[in-house]
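Trainee: Full structure from sequences and hints, please.
Protein sequence lines correspond, in order, to chains A and B. Per the numbering used here, numbering through the first sequence is continuous, rising by one, with the last residue being 387. Per the numbering used here, numbering through the second sequence is continuous, rising by one, with the last residue being 387.
A portion of the hints provided could be inaccurate.
Within a straight-line C-alpha distance of at most 25 Å, the following computed BS3-like cross-link-like pairs (lysine-lysine) qualify [to be verified]:
(1) A:LYS92 x A:LYS335
(2) B:LYS41 x A:LYS333
(3) A:LYS333 x A:LYS92
(4) B:LYS324 x A:LYS41
(5) B:LYS92 x B:LYS335
(6) B:LYS324 x B:LYS92
(7) B:LYS324 x B:LYS335
(8) B:LYS92 x B:LYS333
(9) A:LYS41 x B:LYS333
Derived by calculation from the structure, the hints in this document are not laboratory data.
Number of protein chains: 2
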Amino acid sequence: MARYRLLTPGPTQVPDEAREGLARAVRHHRSDEFRKLFREIVAGLQYVFQTQHDVVVLCSSGTGAMEAAVANVVPRGGKAIVLESGKFSERWRLIAERFGVEAISYEVPWGETFEPSRVAELLAAHPDAVAVYGTLSESSTGVGHDIEAIGRVVGPSPALLVVDAISGAGAMECRTDAWGIDLLVVGSQKALMGPPGLAFLAVSPAAWRQIESVADRPAYYFDLLAYRQALGAGEAPFTPAISLLTGLAECLRQIRAEGIERRLARSRLLGQATRAAMEALGLRLAARRPADGLTAVFFPEGLDGREFLGRLESRFGVKLAGGQGPWKGKIFRIAHLGLLDELDILAAIAAMELVLFEMGYPVRLGAGVAAASQVIATARGL
Amino acid sequence: MARYRLLTPGPTQVPDEAREGLARAVRHHRSDEFRKLFREIVAGLQYVFQTQHDVVVLCSSGTGAMEAAVANVVPRGGKAIVLESGKFSERWRLIAERFGVEAISYEVPWGETFEPSRVAELLAAHPDAVAVYGTLSESSTGVGHDIEAIGRVVGPSPALLVVDAISGAGAMECRTDAWGIDLLVVGSQKALMGPPGLAFLAVSPAAWRQIESVADRPAYYFDLLAYRQALGAGEAPFTPAISLLTGLAECLRQIRAEGIERRLARSRLLGQATRAAMEALGLRLAARRPADGLTAVFFPEGLDGREFLGRLESRFGVKLAGGQGPWKGKIFRIAHLGLLDELDILAAIAAMELVLFEMGYPVRLGAGVAAASQVIATARGL
Numbered sequence: 006m007a008r009y010r011l012l013t014p015g016p017t018q019v020p021d022e023a024r025e026g027l028a029r030a031v032r033h034h035r036s037d038e039f040r041k042l043f044r045e046i047v048a049g050l051q052y053v054f055q056t057q058h059d060v061v062v063l064c065s066s067g068t069g070a071m072e073a074a075v076a077n078v079v080p081r082g083g084k085a086i087v088l089e090s091g092k093f094s095e096r097w098r099l100i101a102e103r104f105g106v107e108a109i110s111y112e113v114p115w116g117e118t119f120e121p122s123r124v125a126e127l128l129a130a131h132p133d134a135v136a137v138y139g140t141l142s143e144s145s146t147g148v149g150h151d152i153e154a155i156g157r158v159v160g161p162s163p164a165l166l167v168v169d170a171i172s173g174a175g176a177m178e179c180r181t182d183a184w185g186i187d188l189l190v191v192g193s194q195k196a197l198m199g200p201p202g203l204a205f206l207a208v209s210p211a212a213w214r215q216i217e218s219v220a221d222r223p224a225y226y227f228d229l230l231a232y233r234q235a236l237g238a239g240e241a242p243f244t245p246a247i248s249l250l251t252g253l254a255e256c257l258r259q260i261r262a263e264g265i266e267r268r269l270a271r272s273r274l275l276g277q278a279t280r281a282a283m284e285a286l287g288l289r290l291a292a293r294r295p296a297d298g299l300t301a302v303f304f305p306e307g308l309d310g311r312e313f314l315g316r317l318e319s320r321f322g323v324k325l326a327g328g329q330g331p332w333k334g335k336i337f338r339i340a341h342l343g344l345l346d347e348l349d350i351l352a353a354i355a356a357m358e359l360v361l362f363e364m365g366y367p368v369r370l371g372a373g374v375a376a377a378s379q380v381i382a383t384a385r386g387l
Numbered sequence: 006m007a008r009y010r011l012l013t014p015g016p017t018q019v020p021d022e023a024r025e026g027l028a029r030a031v032r033h034h035r036s037d038e039f040r041k042l043f044r045e046i047v048a049g050l051q052y053v054f055q056t057q058h059d060v061v062v063l064c065s066s067g068t069g070a071m072e073a074a075v076a077n078v079v080p081r082g083g084k085a086i087v088l089e090s091g092k093f094s095e096r097w098r099l100i101a102e103r104f105g106v107e108a109i110s111y112e113v114p115w116g117e118t119f120e121p122s123r124v125a126e127l128l129a130a131h132p133d134a135v136a137v138y139g140t141l142s143e144s145s146t147g148v149g150h151d152i153e154a155i156g157r158v159v160g161p162s163p164a165l166l167v168v169d170a171i172s173g174a175g176a177m178e179c180r181t182d183a184w185g186i187d188l189l190v191v192g193s194q195k196a197l198m199g200p201p202g203l204a205f206l207a208v209s210p211a212a213w214r215q216i217e218s219v220a221d222r223p224a225y226y227f228d229l230l231a232y233r234q235a236l237g238a239g240e241a242p243f244t245p246a247i248s249l250l251t252g253l254a255e256c257l258r259q260i261r262a263e264g265i266e267r268r269l270a271r272s273r274l275l276g277q278a279t280r281a282a283m284e285a286l287g288l289r290l291a292a293r294r295p296a297d298g299l300t301a302v303f304f305p306e307g308l309d310g311r312e313f314l315g316r317l318e319s320r321f322g323v324k325l326a327g328g329q330g331p332w333k334g335k336i337f338r339i340a341h342l343g344l345l346d347e348l349d350i351l352a353a354i355a356a357m358e359l360v361l362f363e364m365g366y367p368v369r370l371g372a373g374v375a376a377a378s379q380v381i382a383t384a385r386g387l
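Mentor: Set out below in structure tokens:
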């Protein structure tokens, strides 16, 4: 059996120290000891998200936090602008519709990104829009959207800016406060290196005011005002996922010890190296504006993508992700965030070369690794 | 430092093998390996809940599953009968109201239970009630309600029977199918011995038909139809809490190996022993009809309850739970479910005696342990 190497854009590898935290005997959550841990976690999340805002901790997948960012914010019959560019940004619209919110969709083709000027036009045309729902890293396409630029056009409007940074925060620049993000949604199992099952919401004062104004919120488990009240006491309103939080605290300690800027630089560099490798192998990249935390790549014409991913896993233990929705069977996705480092990525590229070679694709063995190594060497000033 | 001994009615102690499962390296959830684990978990839950119905696995606390059992089931403006007898059954009403459901409340004082004949009267008076929301083990009062008898009166009516068995299932008899329970809500961190963060819903065919009929469900993360669709493929619709599930699978293996009947008998016996001990110490029990998984006890007049619980923890590491809501500062609660066995309970009783003695309460040392031991000896036919 090949040794398992998880390189999907979530879930991702969890550091040993965090796995030890997960295994620790459960302690009761209504205790000073737990409150101390909880406050440390909130402070760690604020550090990673570059925010002074309240950070709410939910026990759910990232989708639960997305729902919270709709159901608490826009009243039934209210209006929101949704920036759609893939499977995950489409989810904003689906959630909005499920909660009776009118979604004004600005849709671009998969792999593309948005024109901030068009967002400005939509805001002018819909001054009653309560919020703009966007995405930092669209992990179905590998696109990293320019949230900073979108923030500049949303800022002067009355609308809130809500950003799905589930797979983005911690992997690419995400200046929550500086960019005017009112609600930031993040998941535990991406760049934060935690196990799946926790989601986070950074909430600005303006967002709190809006939430307070929604009289009839269809939210109980995700009632953000209940979380805010508990947060003041260093607690969660419902029994929190104690083991997951104990593990996450270790992840956040490691991120703080390394420093967020160094981590972001590593993901950025690994992204550049990965893209250079894919191009050297003659593969086509999927994202017009690539995210730092993952790379999406089209399978070459005529290659059986399922077979390619299956062989990577069975021969070398390398687990990559396939495509989703309309890109199922068309792309594969490799993560370069969290624990993953230069050698993990170079090794994965080498495995891809060998499998492509074995499958008869015209590849020059070593070409991808060489291109990626050159990017790394250049970045190191060699 | 005294060794920590967790005896709260959730979270509870997690077996070593499950903690090892929690610490295992994360594997991707879209894989045959994970689907096999997931199917094993669902089968294990069906075994514990004594049901052939679909069992949906949510990543949330038990409250999330309660919300799912309201938001998917009763349309906005619909009606439901709520059986209220404590903090957790009150939550059914609060969730119903939050989702625009008219809650017909049958409320009894804390510590009391319901008359099935009164439930029948309410069903006759409200033939349009979509569901009756009840509770198996009301852990705020230590009452175990007679769901079997309530099931007999709900059965002939058009209403569904929805039961919060978050802390009950696995600790006391819960014959989901035989008793006509249409939606059973259970949490991971009680009698199932798992860490907190997972919740389960057993859904009957009649409940599925009702859910399908609700056109406008204010549920996305908790959209049960999405879970049913994924369940058929051995998956969850959103990234599941992989580590928690890996740990839970170990818990369920242990329960199956021991046999559910033996486990239920153990909780029942430990409950009898605990109650005998409390009465031998002159303490008053809180529940008219006691649950098998926990015992709630009034602090004696004049005793500082906070000090009592604090000394139990600091002197002996024994962590019990206090009261909630109107019973905050009035009762304490001790669990006898999951991993906890005879010696854990006898030791905890001995610790209580010593702390009561130290605080000047007129206790005869050993009296509680003697009474509990006598119950155990009698049960063993000694």
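Trainee: For each hint, tell me whether it holds in the structure or not.
Mentor: Verification of the hints:
no.	hint	in the structure
1	A:LYS92 x A:LYS335	holds, 14 Å
2	B:LYS41 x A:LYS333	holds, 23 Å
3	A:LYS333 x A:LYS92	holds, 11 Å
4	B:LYS324 x A:LYS41	holds, 18 Å
5	B:LYS92 x B:LYS335	holds, 14 Å
6	B:LYS324 x B:LYS92	holds, 21 Å
7	B:LYS324 x B:LYS335	holds, 17 Å
8	B:LYS92 x B:LYS333	holds, 11 Å
9	A:LYS41 x B:LYS333	holds, 23 Å
Figure legend: structure checked against the earlier numbered hints; every hint is met.
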